[in-house]
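J.: Quick mapping for you: the protein sequence lines, in order, are chains X and C.
When we follow this note's numbering, the leftmost residue of the first sequence carries the number 26, and every step to the right adds one.
When we follow this note's numbering, the leftmost residue of the second sequence carries the number 297, and every step to the right adds one.
If you are wondering where the hints come from, they were derived from the structure by calculation, not from laboratory data.
Among the clues, some could well be false.
If you anchor each label on the Cβ, the simulated ranges turn out as follows [unchecked claim]: (1) Glu154(X) - Arg491(C): 54 to 62 angstroms; (2) Thr28(X) - Glu340(C): 32 to 40 angstroms; (3) Glu340(C) - Ala126(X): 24 to 32 angstroms.
All C-beta atoms, glycine included, are put in the ideal place defined by N, C-alpha and C.
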Amino acid sequence: MTTPRSVLIIDDDPDFAQAVGGLLASSGYEVMTASNGRDGLDLAKKAQPDLILLDVMMTERTEGFFTLQQIRRVPALQHTPVIVVSSIYTDQPVFRVNPDAGWLPASLFLPKPVDPARLLQEAARLIGELAQTKADQRHVGSVTR
Amino acid sequence: MKILKTPKKHLDLFASVLPAFGEVYAPVRRGRGYAFDRPALWSEVHMDYPRTILPPRKLFLPPRELMFHFDPTRGYRSLLEEAATPRVLFGVHAYDIYGLNILDRVFAQGPYRDPYYMARRQNTIIIGVDVDPDEGHFARSMNADFVDKGFDLFLSDLGDHWLILVGTSRGDDIVVKSGSLFEEPSADDFDEYKRRSTSRRAAYRTQVEMGDLPEILEMEYHSQVWEELGAKCLSCGSCSMVCPTCYCFDVADEAALGSRAGSRVRTWDSCLFKTHALVAGGENFRHTRASRIKFRFYHKQRGFVAEYGRPSCVGCGRCAASCPAGIDITTVIKMIRGQADAHGDRTTPASNPAREPVPAAPGAHLVHPTAGV
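Just chain C, with the same shape it has in the complex (with noise of 0.2 angstroms):
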C-alpha cells in the first residue's frame, strides 16, 4: 500500500481536483448536524464532524428510488445509467466505511445482486478520514474502527498533516493528478500516526461486549427485556433510517389513474414499522412493538452473525442519537446481558425473572439476506 502525506493546509487544493473524478459530497452542517451532501464552498466542509446524520447508505440506496419506467407505447426505460453517474464521497469515518463493506455483502456478493446499489458503488469513490470518538461511538467494540478494505484514500490526521493512505489504484489515479500536493511521509510521520492510533484507540469510551452476544441472544429470547423496550419503543423507524446497515425496502409501482405507464419506486423500510411483516390475508408476524424491536436486535446482532460472520452493527452511535424514546444499543446488550437495567444501571443477571426455555432454532427466518424485502 502507497502510503503518502500533504500539509492540513493543502486540503482544499486537493479537493479542487476531486471533481475531475465525480460530483464530490462531504460532511457539510445541516440545522444541528452533518450530512454528506454537496459543498458550495471548501469552508462548508467539517473534517473534525462526530456523525452525519444519515450514513453513506443513503448515496448507493437512496430513500426513495425511482428504478424504471414502464409505458405500453414506449416501452421499458432503465435509469441504471443514472445510477452509474461517477461521485467522490469525501470525508468517511471507518465505521462507515464498515457500513458499505457490510452491504457489499449483501448486496454485490451475495445470490442476490442489486444492480443499482453496485452501479454506485463501483463509481463512487470513497475517501476516508479518522474520527475522534466520542460518547455515541462504540465501533471499537464493533471492530470497525479501522479498516483495510473499501476506500480509495484514506487521510489519518497527523497534526499539520494529513497521513495518506493509497488503498486502490483509483486512489492511485487522484494521487497521480494532484501529484505535487504530496510529499514522502519521514519516519517520525510513521511514529506520530502510531501514537495517535493508539490513543484513538484508548478514546473510545463506551464499549460493549460482543464475544458471544449471539448465544446470549439465543438464551435470552423469551427474556422481559423486549416486552420492556416495546413498552418504550414507539415504532417509529428512526433507528432503521440512520443505520449505516439497514437495508430493507418496499417496492411498488407508480402509475396515473387511468394511465397504463408508471415506474417502479422503492422507498426505505422498516422492520419496526406495524406493516414490515403484514402480508396477504392481513396475517402480521410481528404485529406487537417487543417483538419488532426483538427482530431488529437478533437481525443485527445474531442473524447476521450467523450469515456473514459478524454482527451488522458497525458502533456509528446513530440509532441512540436518533431514538426519541432513548433506547441505546448499548444499554440494550448489557440488559441482555444481565448487566444493566432499562435506564442502563448495573445490575445482576438474576434480574431476568422471564427466562424461558430456548427454541431449537428461533428466529432462523430472520437471517436472510432479503429479510424484509
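Pulled out of the complex, with its shape left as it was, chain X reads as follows (with noise of 0.2 angstroms):
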C-alpha cells in the first residue's frame, strides 16, 4: 500500500478550498489547507507535501507571490511544485506580465476559475514528475556511495 500524495492548498476563499480539496480528496490526495501565506508557509515546512497550490490575492493582492518567494527560501520546499490559482490577471488587467515568462518561481499559472479535469491533470503529473526527480536522485547516491 503506498502513502497518498498530499497536497497544500493556500487560499483565503473557503469555498474555493473546499471544492478544489474535495475534487483532490476524491482522487486519492491528502489535502491540507491553509488561508493565508504565512500560515500556508508553516504547514508547508512542516508537512513538505507533493504539491502546493496557491492563491495570489488573499490578505493583500499580491501575498500570494511573496508567499511564493518564502517557499523557495525553504531548502526542503525549493523543488516542490507550485501550482499558483490565481484571477489576478482578470482583477488586475493592468497587469499584464507574462506567468510563463520566467518571473515567477512557480511550476505553473492556473487562471481561474480553474478547470476540475485540468488541474487534476496538472497535480498528477507535477508529482510524478517530482517523484522520479526523487528516485533519480536516490539512484545517483546510491552509484556514487
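Hey, can you piece these two chains together into the complex? The hints should help.
T.: Here it is, written out as C-alpha cells:
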C-alpha cells in the first residue's frame, strides 16, 4: 500500500478550498488547507507536501507572490511543485506580465476559475515528475556511495 | 536617460516582478527603526522611512563574512560564488547610494579591489527613492542629496505617481519586463518633479559648511576639542557600525582545536575600538579615546578628501542618532570651526584655547584606503 500524495491549498476563499480540496481528496490525495500565506508557509515547512496550490490575492493582492518567494527560500521546498491559481489577471488587467515568462518561480499558473480536469491532470503530472526526480537522486546517491 | 512614471497604487504589482531579478530587500520595520530586509508582504515595506538602522553597506560588506574554507584533505573552497547571489535592493535613499559609490572607490576602483564586494555590487540591482529630510539629515551639505549614478532605477514622489529615472540597461530590463505598469510622463509631471525637488532641497534644516573643512582640520589638529570629545566618547563604535562608508574590518582564521581545517572570516571593525591600532609588540598608536575619535574625523573629513576628492560622510545622520554619548557630527564640525561649544551652542573662534603649531603633514598615514584593515 502506497502513502497517499499530499496537496496543500493556500487560499483565503473557503469555498474554493473546499471545492478543490474535495476534488483532490476524491482522487486519492491527502489535502491540507491554509487561509493565508504565513500559515501556508508554516504548514508547508512542517508537512512538506508533494504539491502546493497557491492563491495570489489573499490578505493583500500580491500576497501569494511574496509567499512563493518564501517557499522557495526553504531548502526542503525548493523543488516542491507549486501551481499558482489566481484571478489576478482578470482582477488587475493592468498587470500584463506573462506568468510563463520565467519571472514566477512556480511550476504552473492556472487562472481562476480553474478547470477541474486540467487541475487533476497537472497535479498528477507534477507530482509524478517530483517522484521521478527524487528516485533519480536516490539512484545517483546509491551509485556514487 | 529614460524617464517614466507609474501610479503609486501599482507599486506592489511592480514589486511582485522584482524577484525575477533577485532576492528583494526593502525598508521594513524592525523594532523602533527600519532595516533593509526581505519583506514577507508588500505592506511591510515603508517607502517613507527616515533612515534605516544600518546602511545598505551591510549587504555588500556583511558584518561577519565567511570568505573561504581550508582543509588539508579537501583543499581550499571559496565562498565567492555565494556573494554573487542576485539581489534587488529596493527603496534606497540618495545619500546611501552615494555611500555605495564611495565604497566603490575603495573596493571596486582602487588598487586593492575586493572580489567579494565587487561580486555583491555587480549582482545587486539598486532602486532608489526620494526622502523627505528630517532634523538629522544633512545630506544637502554633503552634496549627497541627489545622485546621478549608482542606481538602476530611481523613484521620485509626484503625489499620486512615482516618476522613475532609468539609470542603467539593467533598470531598463526591469521596465521592459513590467512594461504595462508604466506610462510616459507629461510636461506637468516634469513641472511637479521640479517643484518637489526644490522644496525637498529647501527642507534640509540641518546644514554644515564643508568648504574649507580639511584646511581648518589641518589648523585644529591639536585643538582642545578632541580632548573634550574623547572625554565624552564611550568608544563603543556605534558610529562606525551605522556609517554607510566606514569599511574597516578585521580578518581571522578560525579553526577548531586539534583541527587543521578552518575558515577565514572577516568582521566589521571600528577605529573607535581600543585595539584598532594595537600592533604586535603591544604598541598602540591610538590608545586614548581622544586620539581615536580624532582619527575618525580626520579620516572621513580630511584624509578621504585628499585621497578621493570629497569627504566620505554623506550626511545620513545615523552616527548622531546612534551615539549613546550624544556626539553629533554637525556639532563637532561647528566646534572645530569655532562656531559652537560641546553643547552645540554658538560661540566665538576665540574660545579654543589649545591652538598649537600645525605639524607639516599631520596624520598623513590616515588617508590610506586600507587604514585599519
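J.: The structure should be examined with respect to each hint, and the outcome stated for every one.
T.: Hint-by-hint comparison with the structure:
no. : hint                                      : in the structure
1   : Glu154(X) - Arg491(C): 54 to 62 angstroms : 57 angstroms, holds
2   : Thr28(X) - Glu340(C): 32 to 40 angstroms  : 37 angstroms, holds
3   : Glu340(C) - Ala126(X): 24 to 32 angstroms : 26 angstroms, holds
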